[in-house]
Amino acid sequence: MFKLVVRRLLYAIPMIIITTFIVFSFILLIPGDPALTILGDNATDETIALLNAELGLDRPIYIQYFEWISNALQGDLRKSIFTGQEVSEAVFGRLGITIQLVLYAVFIATVAGMFLAVISIFYHNTLIDYIARFISTLGTAIPNFWLALILVMVFTFTFTLFPATGFTSFFDSPLGFLKSATLPAVSLSSAGVAQITRQLRSSLIEVMESDYIRTAYSKGLRKMTVISSHAVQNGMLPVITSIGLLFGNMLGATVVVETIFAIPGIGQLAVNSILQRDFIMLQGVVLVMIFFAILINFIIDLLYSILDPRIELK
Amino acid sequence: MRFNLVFRRFMGEKIAVISAIYLLFILFCALFGNGLLPFAPNTSDFDHILSAPSATHWLGTDELGRDIVSRLVAGSSAALQAGIISILIPLFIGVPLGILAGYTGGAVDEILMRIVEAILAIPAILLALGITAALGVSLWNAMIAIGIVFTPQFARLARGQTLLIRREPYVESAKISNAHFIWIMRKHIMPNIAPVIIVQASFNLSFAIIVEASLSFLGLGAQDPQISWGNMLRHAYSMIEVNRIFIFYPGIAIMLTVLAGNFLGDGLRIALDPKIKSR
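Line by line, the protein sequences give chains A and B. Numbering-wise (numbering that gives the first Met the number 0), the first sequence opens with residue 0 and increments by one. Numbering-wise (numbering that gives the first Met the number 0), the second sequence opens with residue 0 and increments by one.
Source of the hints: derived by calculation from the structure; they are not laboratory data. Only a predicted model underlies this, so the values are computations on that prediction, with no experimental measurement involved. Don't take each hint at face value.
What the hints assert, rightly or not - Computed footprint of chain B on chain A, listed as stretches where at least three residues anywhere in the stretch have a Cβ under 8 Å from a Cβ of chain B: (1) 80 to 88; (2) 104 to 115; (3) 250 to 258; (4) 277 to 286.
As the list claims (entries may be wrong) - Have a look at the derived ranges for each label pair, beta carbon to beta carbon: (5) A:I130 <-> B:N242: 43 to 51 Å; (6) A:D44 <-> B:V107: 41 to 49 Å; (7) B:W139 <-> A:P173: 42 to 50 Å; (8) A:L160 <-> B:N242: 17 to 25 Å.
Glycine is no exception: its CB is placed at the ideal position from the N, C-alpha and C atoms.
Chain B on its own, in the form it takes in the complex:
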């Protein structure tokens, strides 16, 4: 499908467009936010501990006098990094394996798919936990773990799509013309499976953010002084008897970003699938 057409169909999905704008805003925050904000996320100001929202501290300060807005903005970078890494790993490992399995078929396919199914049978958070434990507890390792967890899903998706396309006459004719596998993959398979992969990737962005926050909340991801929405919630929970409002800010940030990822996925699916009529 032409890019223009996809773009026009996507623009028709209002919630998805708003979500995309929101995610771009979060990306902007993650890249430049802390440079633009007056307070550094980890600088304590002991004269203003637990201050209420004001013109200087928009959402107030925490128990160490740190500006909450600055910390939320710093946390967005951990969330987005987790999202992006957890998409890149399956994209470069899962998708090629899936295409290979679907294209060659036979025993290779059978073995790869058995392994994929077995990994998918393991609850995602448990798998992420196990891998993080083995690699050592850190934010970076948590992200890698999430990426590995998503890999089989992408492999299965890519395989399914490849199986559909492999039998198409234009692929058959390319094969008869002695086209190289890599050429067929680049010219025919990749463009055809891209839409499905893009949609899945945007749903996974959401899930990765939840898993990263969960691991950091448990103390198995971001370690102080690193900032993640998950470990902000961890601190907020320990302060719940002092200030209840703290548990809302990072939670809302997570929820909105996850919702945005889901809506973006829905919108992209409609925009990229010619079979679905626009509403």
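Just chain A, same shape as in the assembly:
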């Protein structure tokens, strides 16, 4: 186990270095003088010189990166150009909200995806199977922000069941959390539901052919028991990896969903910092998001090899 963790870490570290370097080098893409663009129309020679000195924009990119990342490792993500607030303070103050939201969305996607896949195998090649497949096809095609708008229209303006804006933390009030986070989490989960349904369905089709399923049947078990307790266990294995990938995608999608529902998480922070041209803040937000996406995949990888003892990591 220890060896496994070390091996995976050795793989993850270069990944983190390259991704963070890419995030950092966005600054190279800024046309013209980055300091001038960052400061906007109010820039004076003095403030430009000050910013250049502060960020070291006049030095080679790899030196800038090295300084940025070594400060980031000590928890210092610099100060927002716009508000003067510490970036780490802003990001970590909001991170909890986004993580709660994404975990809830992953939960919904997994449960709904498993449900749809199991009933579509139980009623294989019947109308119910086709409906389940149709839902999963639709899930990939509906942009999550549009789904969010429809949900708001139906559940806020037509039936006033859920609020359209705001967020209550699970730790303050679990009921308030369900009320405020359900619509955003459902809109985040649509693509995930589709993906899990499709993958689990096709892996179940394969598993249902295997010998141990025939044994289970011949023991006289009911079809539902065979599928839900025997087949799903093995059928879920390939799906677990994509749950990890979902986490990252949903983390990205919070950018849109948090803006619609006015949820003060890091997704909203990312959009606001672009609109305010707060480049330092954006770098910090994206860095933290990517770090979490990679961390989750790392954990899922480990989990996967524990769940499936056949996997010997190279």
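Keeping the supplied structure of chain A fixed, place chain B upon it in accordance with the hints.
This is chain B only, laid out in the frame that chain A set:
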């Protein structure tokens, strides 16, 4: 495979054929639609604000009295442009890099693929957002950003296919006959990897349309008076208490186009892969 055979197999996939016809229709709308429609997409008619669907305004007018059909048609051009640019950039950067990596192997391959994997680890929308922010907020930059986001995916795909073909006897024999790398690439590698790339491109068309709409919805893509389905939804959302039906039109347009791209991809995959039997 012969073109005729591929075409015949493709015609057997009914949903894919319908999707292709639909996408051709959208292309037609994008190119000629606004020339043929009676109302300009950005002309306000303050005597007919928020009018219901009628014979003159097929889907009614918005809060500024602008014809919704004309605006939807104008939006199709932004969506298709985003789709096409986001395919062209990876095609001209990602695919050659992938072939190079797969063909040369060794350290070049190792380094390129590490970078590709690292970029793929970044959630697509975040990467697009970051690049758009750096380049400056505009529809054009959003499209470029989407193109850059897709580039590593194409590179990895092209590399994988090249690795498979590189060891084939006919490529080996071409190498022994002292054929130039460019010649081998054009004559043997490109035709063999084309099917996979075409299929991926049509799936990406869908994804690019979603990302473009998302960015425009956030105000980070198309800026007024530019029209995109995404910023139409942005306006519709601000009007949701006045008229709820507005959020449906652009949303349905996006969904149908995305579905069409996905179905087209499925159909092409079946048509182009000789190993899959037609149903």
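Okay, the hints, checked on the actual structure:
1. Using a Cβ-Cβ cut-off of 8 Å, 0 residues of the stretch 80 to 88 of chain A lie near chain B, which falls short of the minimum of three, so the contact claim is violated.
2. Counting residues of the stretch 104 to 115 of chain A whose CB lies closer than 8 Å to any CB of chain B gives 0, so the stated coverage by that chain is violated, three being the minimum.
3. Coverage of a stretch by a chain is defined here by at least three residues with a beta carbon nearer than 8 Å to that chain's beta carbons; for the stretch 250 to 258 of chain A and chain B the count is 6, and the condition holds.
4. For a cut-off of 8 Å, the count of residues in the stretch 277 to 286 of chain A with a CB near a CB of chain B stands at 3, and the three-residue condition holds.
5. Remark: the range hint 43 to 51 Å for I130 (chain A) to N242 (chain B) is contradicted by a beta-carbon distance near 31 Å.
6. Look at D44 (chain A) against V107 (chain B): about 45 Å separates their beta carbons, and that is inside 41 to 49 Å.
7. Take W139 (chain B) and P173 (chain A): their Cβ atoms lie about 46 Å apart, and the range 42 to 50 Å holds.
8. One distance hint, 17 to 25 Å for the beta-carbon pair L160 (chain A) and N242 (chain B), holds here, with the actual separation near 21 Å.
Going through the hint list in order, the structure does not satisfy hints 1, 2, 5.
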